[in-house]
Structures are given as C-alpha cells and as structure tokens.
Amino acid sequence: MARKVLGLAAAEQLSLLRIAILGLISVVAIGSRLYSVIRFESIIHEFDPWFNFRTTKYLVNNGFDSFWNWFDETAWYPLGRVVGGTVYPGIMVTSATIYNALHFLNIPVDIRNVCVFLAPVFSAFTAIATYHMGKEVKNATAGLLAAAFIGVAPGYISRGLRSSCSCSPSSCGCGRCGLGSALYAALTAVFYFYMVSAWGGYVFIINLIPLHVFALLAMGRYSNRLYVSYSTFYVLGTLASMQIPFVGFQPTRTSEHMAALGTFGLLQLVAFAHFARTLVPQHHFQVLLRGAVVSLFVVGLGGLWTGRFYSLWDTGYAKIHIPIIASVSEHQPTPWPNFFFDLNFLIWLLPAGIFFSFRELTDNHVFLILYSIFAAYFAGVMVRLILTLTPIRTYLNVKDVEAAGSEAEAVPVAKTEAVAGVPAAEQISVSKSGKKGKGKKSEKTEEPAKSEPAPSSKPATAPGDERWNEELVVMANFLYLLFMFQWHCSWVTSNAYSSPSVVLASRSPDGSQHIIDDFREAYYWLRQNTKPDAKVLSWWDYGYQLAGMADRTTLVDNNTWNNTHIATVGKILASDEDTAYELARRHDVDYVLVVFGGMLGYSGDDINKFLWMIRIAQGVYPDDVEENAFFTGRGQYSIGDDASPTMKRSLMHKLSYYRFSSVMGGQGMDRVRRQPLPTEVTVDNFEEAFTSENWMVRIYKVKDLDNLGRSHHKVADFVGRP
Amino acid sequence: MSGSSAAEIVSKLAADYIDETPQKLKLIDSYMVFCVVTGLVQFLYCVLVGTFPYNAFLAGFGSAVACFVFAANLRIKNQPKERRPVLGLASRVPAFAEFVFCHILLHFVVANFLG
Amino acid sequence: MRFLTTFAACLCLGAFHVQAKSTAGDRVVVFVPKLDAASEYSQFLDSLGTRGFDVSFEGDRLYDHAIVLSPSSKKFGSGISVSDFLSFVDSGGNLIVAASHELSDIHRKLALQFGVTFEKRGSRVVDHTSHLAATVNQSDHSVVAAKQFAQVDAVLSKKVVGGKPVLFKGIAHAYDAANPLLVPLLTGARTTYSAASSAARSDVVLTGMSIGLVSAFQTRSNARVVFSGSADLFSNRLLGQKAAGNTQFVKEISQWAFQEKSVLRSTAHRHHFAATGETPEHYRVNNEIVYEVDLSVYYDDAWHPYVASDVQFEAIMLDPYIRATLNRTESNAAHATYHGDIKLPDRYGTFTFRVNYKRTGYSNVVVQDTVGIWPLRHDEYPRFLSAAYPYYVGSLTMVLGFLALSAAWLWNTEPKKAKSKTN
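Protein chains in written order, with my numbering: chain V, 10 to 731; chain P, 10 to 124; chain R, -5 to 417.
Cut-off 25 Å, straight-line C-alpha distance, at most; resulting in silico cross-link-like pairs (SDA-like, lysine to any residue): (1) P/LYS35 / V/GLY274; (2) R/LYS103 / V/VAL728; (3) R/LYS337 / R/ASN280; (4) R/LYS103 / V/ASP693; (5) R/LYS114 / V/PHE727; (6) V/LYS723 / R/SER98; (7) V/LYS723 / R/ASP99; (8) R/LYS103 / V/VAL692; (9) P/LYS35 / R/LEU390; (10) V/LYS712 / R/SER77; (11) R/LYS158 / R/GLN235; (12) R/LYS103 / V/ARG730; (13) R/LYS69 / V/VAL728; (14) R/LYS352 / V/GLY718; (15) V/LYS66 / R/GLY366; (16) R/LYS114 / V/VAL728; (17) V/LYS723 / R/ASN358; (18) R/LYS352 / V/ASP715; (19) R/LYS255 / R/GLN306; (20) V/LYS723 / R/ARG102; (21) V/LYS66 / R/ARG278; (22) V/LYS723 / R/ASP170.
Hints listed in this document are in silico derivations from the structure and should not be mistaken for laboratory results.
Every value quoted in this text rests on a predicted model; they were computed, and no experiment measured them.
With the hints as constraints, model all of the structure from the sequences given.
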C-alpha cells in the first residue's frame, strides 16, 4: 500500500483522497453536532444563542443600519441596551448573510434554522481550517489527523455550539502568522477582524501572538519575515478591530492589549537594530536593545489589568472581588474530570506533544509550545476557555501520533532495541496515562485492530516491510486509542452535550423518556397572558430566553454589563417582601419569575444560585444584604423551618416555597437540597400567577398598590389567606 | 568613541548609503521618512490639543504607522543583500502586490474610522 | 357592581335612588334602618333630588353612590358584606357613611379599612364649651357645635370654613394622620373630648384635635368616601337649626363625595419634537421636545379649565432626570393647556414621562407614557470636527503618499533595475 501511495501516478490520487477525507471529516463534524436537533427538535438550546437568534431576527427584518443603531428598550429595563455597541456582531451578520443568500436563491429557510445549523456548518469550516494549520506546522497528513480530532473533540462541541465559528479564524490566524508574507498577514488581520467581531475571546489571540513574537525575539530568532508578518498583522488587525464599537479604543487603552502594542514597538526597535547592524556590523546593538526593551515590555504589562483578566490569573480573585464573574459556571475553575471528559486521551498526550515540539524547535513549534502552555493554564482557570485549549491539543496530539509513526519507522533501522525501546513518544504518553494506559496497552498488543480505515491510518502507513511486528504493536496501540477516542467523543457528544438546557429529558423507571418542558411552558404562558410591555424580573440567567421566547421586557440578562443593576435584582430577591415590593414597583416590575427545582430535583434552580445573588447584591449594597445572615446559626445553608430568619423572610425563599409544603404533604422534602420543607410560607405583596407543570418555573404578579392605601399584609389579614 | 570618529562613521555611513543603496530603496526610505514625519506631526498635535477626536487621531496616526510598516516590508523584500529570506508561500506573490493590497485594506479601514 | 342590584332587593332597610349631575353618575342608594326613617333625613335627601339625583325606587339599577344612614343596623341587608362595599368603592363607587354612638361592628369594620377607627360603642363626643343648648337635659352637651374645619378648598368652601359651626351629635373617630388618602374635614376643638358614656366620664380616650368628626377619603382610583361620626348631622332636626352651618356643610361634603366638584381630569396630553411637531417612536438624547397636558376641573355641573401654577412634568428613569413646572398657555371653555419646553437628558434609557398631580381634595391626575430615549445614531455624532482636521489631512497625505510611491515605483522600474544591477 505504501509503495502505491508513494508512487508517482498516485500524487493526484493522494490529493483526491485528502479532499475526500476532509469532506468526510466535515460530515462527521456536522453530524455529531446534530444529535440534539435529532433527539429533540430544531430549537435553540442554550442561553446565549437566544440572544444571537433574536438579534439576527432583528438584523434580517430591519437591515444592518438599524441593527447597528439598535437600542433595545426591552432589555435591562429601564436602562436599555445599546445593542449595536455592546455586541460582537460577527455571528449575527454571518447568519443574516446566509439567510439572505438562501432567500436570494429562493430557498426559504427560517432564521431559527439558520441559527441552529450555523454552528455545525462552521464546525466543518473549523476542521478545514485546522487541516490547513496542521499542514503549515507539519504536513498534510498531520493536518488531516488534526482535522479529524477537532471535528469530534467534545471540548469543542460543548462550547463550540456557541462559537465554533469564532475559532476557525483564530486557528487560521495563528497558523498564518508565522509565515512571513504581508499578504497572508493582512489576510490574518482580516480573519482576526472577523473573530473580534464574533467573540470576546479574541483577547487570547491578541496576547498569544505577541507572546510568540516576543519569545522568538528573546531567543534571538528575529528574522525579517517575523517583522513582516507581525507588524502587518498588528497594524491592520488593531485598526480593524477598533471598527467594532464594542471594542472601541480598548486596543490602545486597556492593558490586555498592551502586550501586543509593546511587542510591536519592540519589534520595530529590533528591526531597526538589525538594519543598523547590517550597516555597522561590529556593534552589539541587539544585546543592548534587548535589555532595554525587555524592561519596556514589562512596564507595558505592568499597567492596570481589568478584572475579568485578573480572574484568569488567579482563580480566587474573581470570587473575592467580582462575584458576578465568579457566579457564572463557565467561569469556574475546570475540574480535572472535565479535562478528561472533554479531551480524552488528547489530554495526556499533550506533554508528549510539547516534548516533541522541543526536540525540533522551529518557530512554529515555539508557537505551539507557548499556545499549549497558556491554553492549558487558562483552561484550568476557566471552564469556558477549554475551548481555546482544544485546537492546540489536537495539533500536539497529532504531533504525538506523527512522532510515534516516524519513530516506528526508525525502529527497523535501530533493529535490536525494538521491543524494549518502544518509541519514546509512546513511553512518555503512556507514563502520563498512568497504569491504566499501560494495562490497555498490554492487552491490545495481541489484538491488532488494524482494520480501521480511519483517516489516522495514513501517517502510519509509511514504514518499510521488515520488522513490522514492532510497528504493528505501536500502530495497533494508536489505532486502538484513536478508535476509542472517536467512540468516546460520539458518546460524550450525544449524551452530555446535546441535551438542551431549555428542554430537559428524564427517564422514568421503566426506561421511557419523559420530556420536561416547563421552561417553554412558562415562557409561552407569559407570551400569551401578559400585556406586551410587561416587565419580568428574573435572575439574569434567564434574561435572553425570556426576551427570545416570552418576548417580554427583562431587567437583567446574560449580557452582564451592568453589575449594579444585577445587584439590584439580587437585592430584590434577597430582601424581605416589603423592601422587595417597594423596589420592584420602583422598577415597574410586573412579574417575578423564579426557577424552582425542589419538586423535580432540578439542581440548577434559583435557590441553589441564591448565594451568588446574595453575594453580588452584597457587593453593591453591603448595608442591606449580608451573606452570613442567610445561614443558620451553625453555618448551614438551610431552607426548612430551621432556616435563618433572614432566609425565611427573603423573597426568593418565599416565592420558591409558597404553597409547596401543602402540595407535598406534611413530610415533603425538597428533592434538590434533601431537606424538609418550610411549613408556613406567606406571600402577600405578590400574587401567584403561574406555576408550571413540574413547578420548575413559578411566576408571580406584583400586586398593585392597594386602592385604599392599606399594606398588602393588612389586606390579606382582612380578606384571608388561602 | 570620540566625536571625530563618530562623525567619520556617520559620514562614511552616509556615503555608503548613497553609493550602495539602489534608487528603489532610496525611494522607499524617503517615503518612510515622510511617514514618520506625518506620524510625528499628528502625535505632537494630539499631545498639544488633547485626545478629543480620538478615533480620528488613531486613524491618522495608525495610517502613518501602517504605511511605515508596509514600506519597511517592501524594503525588506527588495533588499539585494539578503535576497529575501525564506518566505514560504509568500515568495510567490510579488512584494509590491502585497504592498498594494495591504494599503487598499488599510485605507479602507482608516477612512471608515476617521468619521 | 353586581351586588348593588341586590341593594334594591334588600329594601327592607329602605333605599333611595337619587340622580344628579355628578361626573361619576347619578344613581344613589341610601341605606336607612326603616323605610319611614328616611323621612328623618328628607331635607337632605330632597336636596340631593333638587341637585338632579334620581331618588326614586327603581328596581333594576346599578348605583354609583351609596349613603349609609343606618349606623345601628347589625347588617347591611341580606348578602351584603363589608367586602362588597370595598369592591363597590374599588370599582369607583362613592360612599357616605354616617355613624352614631350606637354604631354596629359591621360599620366599624368597614371604616377600619379606610384608616378610620371609630370609638367604642356608646361613647359620644362631648364639648362643654361649644355645644347646642339642650332642651331636655341641661347637662347634656353631646350636640357639639364644631368649627375646626380643615382648610381644604377643594372640599369646603370659604362659606363653610368661615361660617357657622356645624352641629354634631355622635361618635368620634381616630384618623390615621399619616395616610395621605384620608383628610379629616371636621375635627374636635381643644375642649372637645370623647366620653365612653355619660356615666363613666373617666374613660376618655380621644381629646381635642385628634378627634375626627367628619373625614374624607379618596381612593387611589379617585372614588370618594366620607365618614361622619354623626348620622344626625344629616337629619332634618339639625339641618333645621338656623344657628348652625349644617346645611351648607352637608351640601358641600355630599357634593364632593358624589363627584359634583373638585373632579380633576386630563383630557389629553401630547409630546413631540419642538422643531417639527411630530411625535416619534422614540427620542434621542438631548432632543428638544414640547410636552403639553390639558386639564379640566368639574364644578357647577360642567367642566371648566383648571387653573393652577404647580403642574409639573417629570422624566423619570428610576430617578427623575427632569422636573419642570408647566405653564398654562391657553384655556378654552373646557380645559386649560399646560405647556413645557423640555430638553431631554443626556442619558439614554426607557423613561417615563409623567404628570403626577395630586392635590388634597382633588382627584388624582396621573398621566404617564413610557418613552424610549435612544443614543445618537452612529452617523449623528458631530463629524468633521475642526480639531480633527490635521488627522484628516494626515491620512489623506498617506493616501497620496501611497499613490505617489506606487506611481514612482511602477514608473521608475526600469532605470532602477539597471542601477541595482550596476551595484
């Protein structure tokens, strides 16, 4: 086979094969992301995409000009949100363009479907971009393997559903940057612009690339092409990125961008020094300048960092200083199982990949090393950033596999050592995987699973004929791993990452699936039973969904731009009924929506998030909200009759447990907290308007002021309570 | 270094430059100087007057810097001595075409940003 | 309102239907203990009749006003409860409740919901210095001649306030002074007190000014309720007293209660650009706009322009960003127009434009619109600033420089190549 492929006539065959494989990878990438669509229906699953959907709809209906100037009065009531200026418009513009293009071709599709299928389609592009980057770094086969990895890696799917499209330019950008052509640098800048327009994570790129350049400079690896690429990229990319109103002047003002600026300046100096040296060769300009400029760079870094970036460095920072950031589960430090879950064996092949990169230290490899180390660190800090880690891992892992393949090639030459000296790559990777991996390995030596026609077999098919025993061992091992990886990925994708958060699925004891659709039930109730300009107060997590599905005005939403406003909502929910009533009326709130999981055992409910609300509220209103008061005397977070008085008085507690114990009977339990229920919960200022089938969503109407000026408690005393 | 030798070096440099540099590069060099001057003038103006129309300043200054950089790129690629470092794919594209492309992109962006 | 039809059915107590030119309607139901007891109040009820109220018995009518003159009755009638009265008021019905020292619990309960707490059963208001000379018992000073009128022009005219005292025989009530909806119209003098009964004088609870004799209540929805501690106030006996101002007093409070005067309303309001006069869907920051509101007041059986100098406009987003007094610009027969030239704040958001006019005795007027104030469009910011000219010139020269260089480059290609070859 090997000979055939390497044969002259096969050159075109090869490229054809490559294209075919790439096509298949794209299909797989798209397919694996459609689990949720097939399982449930073509709906938008997560929170953020609801916003993208809504804005895309606006964009399609009203055109780009009014989108650009759109002031959304129905969000952040009464402050409003300048959507055009606070959004990364890339995704919406892309979707709208696709939508319009399809309609121009007389293919009537729904905007919603465009939004739903955008991510899968872009994942295919991502795979292709990855292929190209792999090609840059190593060769075409490596690219294919990398594409195959990224196509199915769950780490990418979980967040990728949201912003996979934003990453393809990033990988493109990274790959291209090392090239040394102004044209490609300019194209990179264009991609960078697109990425900036699509995703806030561009900051990662704009720090990483300078870092790479800086590292190369520090290593004395300055070359003219470095100058050409980076200068062009930086100048164009920065100017372009400032076109996005949300980014604005940040590239010249905030410290996140200073590294890039500093590196740019440094590069100019170094370039000048080089230039000068060509004229006056004997001087050691470089050394002097390097010293001077390192200090300059450090000064640049030493500026003020904004909080969100601090939280990247110190996992504890956010919790202490900015509860709003820490409260987002995506901003939590990543637990270890998560790494393995998302990346499977890619994770422990990473160090091996770094090792191999070091062995052959080209400029591109320096980039890979830096990228992987930083991505690994950041991914450890924030779950969300696993996204950034995924692509780089795939490259490095490809390197591993590659290396293993080439080492195996080397084996016949080295002859005797063969069995004991199973390639270094293997050993390193295996040692990382621990005993488990080793056990697997020994098992799998007997079972040559070579029959898999996976794309990954390509890099392995090069070795000569003799001594193919050892090769077979190595290859079988890797094939097995690759196979396992694919299998794991499809499993993870289909089970863990394809369940929408809007619709929940549960299995009853007899195995039949039961769909829990409380969210949509409640949102549609709001849509149909409340006046169109009703203002709904809820915790910000549900803001985008409320706006999208219920079409009602919200006070806060997932765009957490105004901490004070969120804290006010937190305060309303955390304070006693009367204070809450007064505040709610001041904000013209008509309905309060709480999510309650006690009936169903849904742990992501508001009572479990309540501590964050309290913390956020306390951050802004330290005199009114005090976290400790919500714990019992023994420091427990209790909700039953033994809860602290403050807890029992708080609006959130009341709205969650109102009427609940009477429904559950005397011995009822909260199925999330596994605690007995509070027995007496009264709500006077609010009126229960709607409770969904499984009690997951409860909606209360804020009562009008009493016509006779009485307090609602008095009214309730007079009229009587149910 | 003594003053005289420094002056010597400088004058030698100047002589070398005039002798050895192709006219094309001189052209670029003068263009680069022009860029620097334009940039500096704008920067000084900004320092004196204040950063109020900041976008305009950034656009103006940025375009000067960018032009400088592009010119430098062009110069690097047309240096006779180094015969262009290994440029990968890029070597296929004429440096001047790149230069023009970058400029078009740049001026488009700048014009958008000025207003 | 449905329960009011049952009123007609429960006429064992006796109910009058009265029609008048009130803004709220002209149908009155009167509760009296017995039908012939109505004759005790004939003078008062007749006066309603002359004011155009329909005082006839008509079975199937709904009522706009109710007068309760049955203080000692244990019930209002079959099936009618305190809650029915509250929903009657909530739905805009007006009410006069008269009490006496034999006040029953049900009345007390009703009054309590309005912040009016009547004294214990059997207690009377007594004033030894200011009273009607009793004909039978010289020491009976329970017909008090009260003249502590509240200075509320909208309810009591100068004629009453500066006129003769009002004869009051009945029970005192405590009023919640903190309740903005409740206004005591007539209170005790410094020498007045409330005695539990003539036997036990030590049991004095309320004294002096804190004694409410007649109080007025206006709900948030502008229904009006008057509580009088004395049903006798309305009786022929006291109305007939020449020395007393009862007739005028009763006339004015019943006029007020039945929305025959001091009814304020806004007939229209509008806001628009000052320059063009059109009303957009939303404004932009710093827009110059005009806000106008038309106000009329009802009295003397007709709407008249309402004249005041304290009508204010507010633009609120959580806090008032603008609070400006509107000027009366024109009046016609029916209304006065208040006008304000407003410059919107330099702040975007969803604002509430509101005229919130609440004056004691007058109906509340709250006119509000939710108006979005948007930030400027991206092309509405000032452009081509003179300060930025150097930058424009700068970038223009860069373009020109680029073109010049390109031209030179292309044009000079050949000679240059020759030169570089020579090097």
